[in-house]
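Enquirer: Working from the sequences, and respecting the hints, build out all of it.
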Amino acid sequence: MLARQLGAYLDHLVVERGAARNTIGSYRRDLDRYRVFLEGRGITALSQAGERDVGEFLAALRRGDPAANRPPLA
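In terms of my numbering, the sequence shown opens at residue 1094 and continues consecutively.
Note that these hints are calculated values from the structure, not bench results.
Here are the simulated distance ranges between beta carbons:
#, residue 1, residue 2, range
1, 1101, 1156, 28 to 34 Å
2, 1113, 1145, 31 to 37 Å
3, 1111, 1165, 28 to 34 Å
4, 1117, 1094, 17 to 23 Å
5, 1104, 1137, 18 to 24 Å
6, 1137, 1164, 25 to 31 Å
7, 1094, 1123, 18 to 24 Å
8, 1150, 1094, 17 to 23 Å
9, 1111, 1164, 30 to 36 Å
10, 1145, 1107, 28 to 34 Å
11, 1165, 1134, 17 to 23 Å
12, 1120, 1165, 18 to 24 Å
Positions of the beta carbon are idealized from the N, C-alpha and C atoms, including for glycine.
Expert: Put into structure tokens, the structure is as follows:
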């Protein structure tokens, strides 16, 4: 369900906002990271994610992920 919800948002960006291909690619990568993070916490729908989940995801981005070759955010 989560992947479907995020996919629907990407579709919205293309159809309603006319977002460029590169923009959609960037959003897709970022949203996929968010999806993996949420699924790792047992969250299967956006309605289950709360403020704390978002905050902890942002903290994880700031730390980076050496295993995935992702540096911390500046």
